[in-house]
Amino acid sequence: MNFRGRLTSKGEIIVKFIDIIRTCLRNLTKRKLRTALTISGVLIGTSAVIVMLSLGTGMNIQITKMLEEWADLTLIHVYNWGRWDPDNDVVPPDLDDDMVKTFMDMKNVKSATPFYTNFYSGMQIAVYTADGWVLQWTPFIGVYMDELENFGFKLLEGRFKQEGDPPTTILIGPNTGSYLRSYIYEDEYAWSEWGYDEETDSWEIISMPIEDFFKEEFRIIPLTMDNRWEPDLSVIGSQTAPNMEYDEELKLVGILEASPNDWEAREGIFIDISYMAGLIKAYNELNPDNRYEEFDGIYHNVRVRVDDMNNVPAVEAEIKAMGFYTSSFNEMRENMTQQVRTTQMLLALVAAVSLFVATMNITNTMIMAIIERTKEIGIMKVLGCDIIKIRTMFLGEAALIGFLGGVAGIGFSYFLSFIINNFLGQFFMDLFNYGTIEEGTKVTISVIPVWLLFASLAGATVIGMAAGWYPAWRSTKISALSAIAHE
Amino acid sequence: MGAMIVVKNLIKIYKVGSDKVVALNDVTFSIEEGEICCILGTSGSGKSTLLNMLAGLEKPTRGEILIGNQRIEKMNEKRITRFRQKNVGFVFQSYNLLHGITALENVAMPLIFRGVKKKKRDKIAFMMLAMVGLAKRVKHKPTQMSGGQQQRVGIARAFAARPKIVFADEPTGNLDSRTTIEVMELMVTMSRKNNRTLVLVTHDKEIAAYADRIIQLKDGEIISDERKELQFETQKNAVI
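Protein chains in written order, with our numbering: chain A, 1 to 487; chain B, 488 to 727.
No false leads were slipped in.
The list that follows gives simulated cross-link-like pairs (lysine to any residue, SDA-like), each with its CA atoms no further than 25 angstroms apart: (1) A:30 - A:40; (2) B:705 - B:496; (3) B:626 - A:27; (4) B:705 - A:482.
Because the hints were derived from the structure by calculation, they are not lab data. Everything numeric in this text was worked out from a predicted model, so none of it was measured.
Same shape as in the complex, but just chain B (with noise of 0.2 angstroms):
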């Protein structure tokens, strides 16, 4: 099992105004494939900014990115694009789906970006959708389902194209304590069962319970690094 990330040095720093913030300061780690890893801070960590990075939403000030090998701080918009089309999947906490088109489409949309033909990305679509539950409500529009629902959906979409890794930004920011459990739960077996590296963003110490590993950002600066081998193994192990 080799590194699926690796950050070295990370700093970010803001400009506003005349003023410099520094939201990243040298932050240096590595992720392993397969392992379910959960970024745990306050608002203003900085640990949104750094999920923005490893997505390659935003650009370091200093330091490198690297995933599986290749340095995404370097690549231009158009390979950085490519890139996430290919290997990456995206949890968010508002779901962002998108409300004139039905579940399945939604599921479908990160296959059409792909190139796959509309028979089959349906058919995927359909699987996923049926694997999250909501075999019945594939035609159903975002604004006809529940928060909890619109999650399951942004799961399936998320998990549809294969992606090497899954981030989820504060993925149950938006539900009741009873729907988080499940979409956790969901999350988690969707991420053993394909072997998925899952990279999950989160406030709260709960949610955090549910990761193999957990860092822990202060003020741009990881303050603690845990992991949970034991559990990590006999979850795993319960799994398959």
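This is chain A alone, in the form it adopts within the complex (with noise of 0.2 angstroms):
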């Protein structure tokens, strides 16, 4: 005769597992208006919370693809005037060819160059057609062309510069030279068309006054400068001139493509630093009154492109570190996520408010469930359920409880996002304090990231477990002899 209790195998544990499941959904089940509204609870907590999350996770995103449509968030500015602040612990180094090598060969970069451009500087290069028109307004911008593939550019026609092309190898952006000015006849201009464009919905260049660049012959020459600041258009095409001299043919490989945004790149002309270097002594010979700053080996301003947005804060830090000046929209980007974020946790502690509500209520509701059950739990007590099985049926179903108002929170957050993001986008947009939509846009400002999905589940289930948990432990602590008692 073997009165000792058997070692529970594993296949007893996966039988107990199957029937504690099926006792909950049977016990659940059977006060089903009860388990409906506490379930409730925990879905309007549970979505709650996912959706306040969602909207900082949109805004986020909206954010982000806002600069980028303003902004290139992937480049750095670095200028050397921190050698002139006095309040400059590092001196920087030089900021010359070695140096731009330096950053080009720093962690997740792609590519630096110096970027020089006439435009802020008043100096008058002027770039002109065979047939008599100069492109009026035209920023001349030095880099090293060898870097412009490196750095982002993409073609929109022709190549990038190759090996043995001669140092005036230009590339142009899309628009330059839509406005032209004779240097013929004086007050002749030629504009380019614009139109409406119903598929990009804005207003573009639909004809140019150059048809085709390609079979333009480009010159360059640096202008005189009259006393007015009136650069001197007579000049061109008179060969008794003294800028005769540096008058030299330009040779056009490519037009660059270029966002709305980067007017550099899509009005300007894409020249070799160390040509640009050139034009400014030639310019400085003709205009000793009028000089210009030179070149000597260090630049002001030079653009290192980042691999990845994430990563320049680390690069920008390490430039900075060096004693440079620098600037990029990462930090402005960082402002507004970090708003947002505050934003976004103020949020979320009012829904997790309900989603605590919801908890107590499940606690409440589990607590009735025992004292209801109280027979019921001593009746199984005495025929020889384990008290561990009776604490894991009640924890069972306050986690099932939880699990199903986490399924249902999850599929209500579906549709609050939809409305939210077809129907309350500029309210939110106001909350977040930023930005107007404009009319017509649709702005996806709910998002839920997958993660969340299974955070929230998982919240959920262990959300209901822990309020289950002290209910759970009262029921152990019947006495199975008063319970049977009780009716």
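With the hints as a guide, bring the two chains together.
This is the structure:
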């Protein structure tokens, strides 16, 4: 005769698990309304938290998208102003070709190039066509021509500069030469024609005064300035003017693609920075009274291209540590994201309160269930049900309430998210204190990331179990003897 | 045939406020395997207390309870629960069936606790119910049944997990006299058929007559212990 209790086998555990789930479901369906109400509490709490967090996620995506439209998020500007600032702790080294090379070799840096444009300086260099037109208001940009491709520029037509191309090789933007002025007949101009493009919903150039750039012969000449700071266009084409010894033909090899916000690339002429240095020298020789600062191998501005916007802070910090002044849109993005995060946390906190109330609701429901089922628990105990099983049963019920609430909450969150994205966009944009949605633009403000789904399911289940902990513990303390006497 | 239950110098004292009430005063006896034993006594005689302690639902103040050579009064709650699960069946005065579930599920319940798979335990439960004459009522809930039927479900449940001992606490207390006879005969037959030890607690001498042996309690002490040897043998033979 063996009276010892057998050890529990693996098979028994599985049987027990299935039985527990079965029992939980049966008990929950027995009190349908109460179960539904308790689950609704979790539903509201879960979906509130999900939606609040989804708003922040959506807003951050929105911010990045918006910044990308009018700013280059992987670009760092480096200036050598740091050396003139008496408060600067570190005196930066020379911002010369070697330094640019150092930048290029840094981790996560794709490319770097000095960037010099005459547009800010008032220095007048004219690019003109053989048939009588000067390209007016055209920025002339000195860069490492070999780095353009690495730097992320894309071609619309033609090619990048290759080995064997002369130093006078240029690339231009899509809108370069949209405004021409005659150097033969004073006050004669030629404009490009603009039209409304329905497809892109914007105004665009539909015809340019120069039809085919590759057929045109472009030349370059530094101008002399008169005392009114007016460039003297009459020298162009005059074989006797002193400028003529600097007059050179340019070789156009490609047209760059440019975003609407990158006006330099859109309207400029790119040329090698060393050629640019020669041009400044030539200009200074022609204008001894209006000299412009020449390059002595040190650049004012170098631009650094980082592979990913998330690596920008690290690269920027490294360059800053050398003593250089830098700027990028990263800081702005971080400020905006930080603000969104703060608002998001506040909202999530409010949402968490409803989840907390739901938790108490589960506890309450479970205590009620245990009081109701005191006799049942007693009978089960007398019939040999392990305490652990009774506890597991109640914990399981609470967890199931949480889990079901979580599932329903996710479904409801998608519904809310849909409503927000389609009808409440502007309201939430105002709430986050930024931007106006253009009429007719669809803005996805609420984005539910996949990890949030899993996290909220797990979270709701854990909350259910936490809420059921005390009632489950109480159920094990019920005395079998008094429970069976309980009517 | 060995002693199934051995009780030695069992004392139970309840504290009611500052007063001490002696429920059992130095009780000693033993019950053989397969014996049908009745503990007879009036209300307050200590018979229910004794049953609770035999079933491990209460701990004695002093004394020993051995069931199959195991000291059950020394077991912790977890072990005693496991012990009950494996070795003990119960029949209660108020049936104590779960109302939300069917007769079949009620009978299968002790088997759930033992980790028997659903298919197998449903089969066993059905056979048990058939044995007590309720084959057509397996899907009924206790609330749809008469008292006698409910108690028969209770008996089926008590025997379902093949326990060594079945305790019955006033099993016919809520039944009319005709049903009482039915139920008693059923219980005795089931015990004999399966060679189970049956411990019956009652205040009713007519009920006690079904037992092989009657231990009479009064004020927490045994006042008589009668064995009906002859009847025991003949009845047993008759069944076999």
